[in-house]
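Student: From first to last, the protein sequence lines stand for chains Y and W. Residues in the first sequence are numbered consecutively from 1, following the working numbering. Residues in the second sequence are numbered consecutively from 1001, following the working numbering.
Keep in mind the hints are simulated off the structure, nothing from the lab. The reader is advised that the hints may include incorrect statements.
Stated by the list, open to error - Residues from chain W shown here face chain Y by an in silico Cβ test under 7 Å; the list is partial:
| # | residue |
| --- | --- |
| 1 | MET1001 |
| 2 | LEU1005 |
| 3 | CYS1046 |
| 4 | LEU1073 |
| 5 | ALA1095 |
| 6 | LEU1117 |
| 7 | GLY1119 |
| 8 | TRP1127 |
| 9 | SER1129 |
As the list claims (entries may be wrong) - Label-pair ranges, simulated between beta-carbon atoms:
| # | chain 1 | residue 1 | chain 2 | residue 2 | range |
| --- | --- | --- | --- | --- | --- |
| 10 | W | CYS1046 | Y | ARG85 | 49 to 57 Å |
| 11 | W | ALA1056 | Y | ARG70 | 20 to 28 Å |
| 12 | W | VAL1047 | Y | GLN3 | 31 to 39 Å |
| 13 | Y | THR137 | W | GLU1017 | 29 to 37 Å |
| 14 | W | PRO1050 | Y | PRO174 | 30 to 38 Å |
| 15 | Y | GLY120 | W | ASP1092 | 54 to 62 Å |
| 16 | W | PRO1037 | Y | ASP7 | 57 to 65 Å |
| 17 | W | ASP1043 | Y | GLY25 | 53 to 61 Å |
| 18 | W | GLU1088 | Y | ALA128 | 18 to 26 Å |
| 19 | Y | THR93 | W | GLY1109 | 20 to 28 Å |
| 20 | Y | VAL189 | W | GLU1017 | 36 to 44 Å |
| 21 | W | GLY1009 | Y | ARG30 | 18 to 26 Å |
| 22 | Y | GLY25 | W | GLY1032 | 26 to 34 Å |
For glycine and all other residues, C-beta sits at the position ideal for the given N, C-alpha and C.
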Amino acid sequence: MWQLLYDELKDHNFMVVAVAEESRGAEHARPWIEQAKATYWCLIDTDHRVADLFGMVNVPQSVWIDEAGRVVRPAETAGSTDHFRRMDLATRTMSPDDQAARQAARTAYLDAVRDWVRTGRYALPADAARRKQPRITADIALAHAHFRLGVWLRRQGRRAEADRHLAEASRLHPESWNMWRQAADLEAVGKASGPEFWARVQALGDKPYYPPPDLPGFGR
Amino acid sequence: MTTVLNDAGEHAVAATEGGLWLSASDAERVTGWALKPEGMCRDDACVPLPAAALRAGKVDVAAFWERLGNPVLHDAAGATWVLGTGAEARNDALADLVAPDFSLPDLSGVPHALSALRGRKVFLATWASW
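Next up, chain W with everything else stripped away, as it sits in the complex (with noise of 0.2 Å):
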C-alpha cells in the first residue's frame, strides 16, 4: 500500500511500482481531478495529459501533479508521496483574500473547520510549546 499525503489530508492508495501510477478513480480521490478523453479535469477545466503519463488505464500522478506546477516529494523506498502546494496556487490564493479553509482537531480530537466562523470576526494566532 502507498500513501499520499497533500492538502486534503493522508490516502492509501494502491500503486504501480516504479512511480505513482494510480487508477483513474484512486486518481481522482487524492487530486480531485478525473480522467477524461480530453485529460484531468475539474470542474469545467481540463489538463491534456501527455501520452507518457497514461498506461493501461492507470495515471502518472506524479507527472501530472508536476505538470500543474506543484512539487512532489517521495520517500527513499518511494511508497509514501507528498503531493504540495505550488507557489503559483499558493499566491493566487493569498491575493485572493478569501482565507483558505483548513480543518484541525481541537484536544479531544474533534475536527473543526475555519469556514464554519463565517459571519464572525476570526482572530487566528499560532503558537507553539518549543
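Isolated chain Y (complex conformation) (with noise of 0.2 Å):
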C-alpha cells in the first residue's frame, strides 16, 4: 500500500517506516512484505514496541514524524475506514458504494501525506499536536507490561501462563484492539479476525473501529 507512495516521494526528504505488530515473529510478515515488493524499512515489532512508544491502539495507524525528529500528527488511523462494518460476512463483499466510499478515502489519506511531504500542509502546530497527542493512564502502562511478559513467555511455550497475561493486558485496555487481536492470533492464525473479532466490533455500536483522522475527505 505504501510503495507508491514512497517511489514517488522518496526524493523528497522522506521515508516510510512500515511496523508489523507482529508477536508471531519476521515469518509471518514476510509474505506481505515480498509481495509488496517493499524498498522502505519493514520492521518486524514481536513485543508491539512502537504502539506501546506511541500510544496505538489499532492496526493500520500512522505518526508523522518532520525533519527534526517532532511529532507532527499524533497516531491516528492510517487511512482506513469503518465500511468493513457493512460487509456481508457469508460473501466477505461490501456494496459497490461503500467499496467506492473506502477507495476515496485511501486517496485522500494518501494525498494529505503527500502534500505534507511536499509542502508542510497539514503538519499541526506543537499546541495542537501536544492535544491530539494519546493520554496513557496507569491501566494502560500496566497492560503493556502484561503484554510484554505475555509475548515472552508465549515465546518460551508457557502458553497458559502466558494467555493469562495477554489477557489481563486487554482487560486494563479493552480500547487496544492490537493487544486482543494479538492475543488471539497467538491462540490460534484466523481468531483475530473470526466470531469473536466481529462480536467486539458489533458491541461497538456507533462508536468508531477506525477513527476518523482530522483531514479533507473524513466527513469531519
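Two chains, two frames, some hints: make the complex.
Tutor: Have a look at this one:
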C-alpha cells in the first residue's frame, strides 16, 4: 500500500517506516512484505513496542514525524474506514458504494501525506499536536507490561501462563484492538478476525472502529 | 539466571532469590541508574533509596522501579521480570513531541533506528498480518 507513495516521494527527503506488530515473528510478516516489493523500511515489532511508545491501539495507525524528529501528527487511523463493518459476512463483500467510499478515503489520505511531504501542509502546530496525543493511564501502562510478559512467555512455550497476562492486558486496556487481536492470533491464526472479533466490533455500536483522522475527505 | 525485560531490551542478570535484588553494576546496566551514597542517580538526578531497598551491597530494583512510578511484573517463578514504563513518563514523552527512538529488526534481522532518519520526514505506519 505504501510503495507507490514512497516511489513518488523518496527524492523529497522522505522515508516510510512500516512496522509489523507481529508477535509470532518475522516469518508471519514476510509474505506481505515480499509481495509488496517494499524498498522502504519494513520492521518487525514482536513486542508491539511502537504501539506502546506512541500510544497506538489499532492497525493501521500512523505518526507523521518531521525533519527535526518531532511528531507533527500523533497516532491516527492511516487511511482505513469503517465501511467493512457493513460487509456481507457470508460473501465477505462490500456494496459497490461502500467500496467506492472506502477507496476515496484511502486516496484522500494518501493525498494528504503527499501534500505534507511536498509542502508541509497538515503538519499540526505544537499545541495542537500535543492536544491530540493519546493520554496514557496507569492501567494502560500496566497493560503494556502484562502484554510484554505474555508475549515473552508465549515465546518460551508457556502458553497458559502467557495467556493469563495477555488477557489481563486486554482487560486493563480494552480500547487496544492490537492487544486483543494479537492475543487471539497467538491462540490460533485466524481467530483475530473470527466470530469473536466481529462480536466485539458489533459491541462498539455507534463508536468507530477506525476513528477518522481530522483531514479532508473524512467527513468531520 | 533471571531475565529482565524493559524498554532497552532483554537482560540476563544474577538475582538473589525472593525478589529482584541486583548488584549495583547489574542495576545500572539494566536501569541506567547508578547506586551512589545519595541514592540511585542518572545524569544530574538522584532518587533516595529507602534503607530497606539496599542489602549487602545489592539493590531491590523492583522496589526502586516502582518508586519511580513504573509498573513491575514477574512470572510465576519469579525468574522473569518486566520493568515497565509508567503513565507519567509516557505522557511526558508524548507531550514533548520528540518522537521516541526505537530500534527494530528488518526481515533479515538487521536493526534500524528511527533516529537514523533525522533530517527526513518520516511516515511511520503500523500494520499486521492478523
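Student: All hints are to be evaluated individually against the structure, with a verdict given for each.
Tutor: Hint by hint, here is what the structure shows:
{"no.": "1", "hint": "MET1001", "in the structure": "13 Å, violated"}
{"no.": "2", "hint": "LEU1005", "in the structure": "6 Å, holds"}
{"no.": "3", "hint": "CYS1046", "in the structure": "24 Å, violated"}
{"no.": "4", "hint": "LEU1073", "in the structure": "5 Å, holds"}
{"no.": "5", "hint": "ALA1095", "in the structure": "5 Å, holds"}
{"no.": "6", "hint": "LEU1117", "in the structure": "5 Å, holds"}
{"no.": "7", "hint": "GLY1119", "in the structure": "5 Å, holds"}
{"no.": "8", "hint": "TRP1127", "in the structure": "5 Å, holds"}
{"no.": "9", "hint": "SER1129", "in the structure": "5 Å, holds"}
{"no.": "10", "hint": "W:CYS1046 with Y:ARG85: 49 to 57 Å", "in the structure": "53 Å, holds"}
{"no.": "11", "hint": "W:ALA1056 with Y:ARG70: 20 to 28 Å", "in the structure": "46 Å, violated"}
{"no.": "12", "hint": "W:VAL1047 with Y:GLN3: 31 to 39 Å", "in the structure": "48 Å, violated"}
{"no.": "13", "hint": "Y:THR137 with W:GLU1017: 29 to 37 Å", "in the structure": "33 Å, holds"}
{"no.": "14", "hint": "W:PRO1050 with Y:PRO174: 30 to 38 Å", "in the structure": "35 Å, holds"}
{"no.": "15", "hint": "Y:GLY120 with W:ASP1092: 54 to 62 Å", "in the structure": "27 Å, violated"}
{"no.": "16", "hint": "W:PRO1037 with Y:ASP7: 57 to 65 Å", "in the structure": "59 Å, holds"}
{"no.": "17", "hint": "W:ASP1043 with Y:GLY25: 53 to 61 Å", "in the structure": "36 Å, violated"}
{"no.": "18", "hint": "W:GLU1088 with Y:ALA128: 18 to 26 Å", "in the structure": "22 Å, holds"}
{"no.": "19", "hint": "Y:THR93 with W:GLY1109: 20 to 28 Å", "in the structure": "39 Å, violated"}
{"no.": "20", "hint": "Y:VAL189 with W:GLU1017: 36 to 44 Å", "in the structure": "39 Å, holds"}
{"no.": "21", "hint": "W:GLY1009 with Y:ARG30: 18 to 26 Å", "in the structure": "23 Å, holds"}
{"no.": "22", "hint": "Y:GLY25 with W:GLY1032: 26 to 34 Å", "in the structure": "28 Å, holds"}
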